[in-house]
Amino acid sequence: MSDRPGARLSRRALLTAAATTGAAATGTAVGGALLADGDTPPSTTRAPSPTEPFHGKHQPGIATPQQHHASSRPSTWRPSTR
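Residues -24 to -1, 1 to 58 in mature numbering (1 follows the signal peptide of the UniProt record, and there is no 0) are what the sequence shown lists, from first letter to last.
Note that these hints are calculated values from the structure, not bench results.
Note that CB positions come from ideal geometry on N, CA and C, so glycine has one too.
The reader is advised that the hints may include incorrect statements.
Pairwise CB distance ranges (calculated) [claimed, not checked]:
1. Trp53 / Ala(-8): 46 to 54 Å
2. Gly8 / His44: 24 to 32 Å
3. Trp53 / Arg(-13): 49 to 57 Å
4. Ser(-15) / Leu11: 35 to 43 Å
5. Leu(-16) / Gly8: 29 to 37 Å
6. Thr40 / Thr(-9): 57 to 65 Å
7. Gly7 / Arg(-17): 32 to 40 Å
Working from the sequences, and respecting the hints, build out all of it.
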């Protein structure tokens, strides 16, 4: 960059400034996360229960407590068009 009036910002200077800003923001975020990690109170959530068998007198969640988390993955099966 120059002190001349009407001087334009070069591409190299713009990319250097963007990279420097990005690195500073990343460093700040990582540093903040590391500092905050030690300040968190102990967790009050229950530990995950052991796996319940699917087959049996009752399905899981009927006679046992409801699961804390569930996971599903939708998928569409189509024949190959190749």
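Okay, the hints, checked on the actual structure:
1. Trp53 / Ala(-8): 46 to 54 Å: Holds - the Cβ-Cβ distance for Trp53 and Ala(-8), about 49 Å, lies within 46 to 54 Å.
2. Gly8 / His44: 24 to 32 Å: holds (28 Å)
3. Trp53 / Arg(-13): 49 to 57 Å: Because 51 Å falls inside the window, the suggested range holds.
4. Ser(-15) / Leu11: 35 to 43 Å: holds (37 Å)
5. Leu(-16) / Gly8: 29 to 37 Å: holds (30 Å)
6. Thr40 / Thr(-9): 57 to 65 Å: Given about 59 Å between the Cβ atoms, the range holds.
7. Gly7 / Arg(-17): 32 to 40 Å: The hinted range 32 to 40 Å holds for Gly7 and Arg(-17), with Cβ atoms some 35 Å apart.
In terms of the numbered hints stated before, the structure departs from none.
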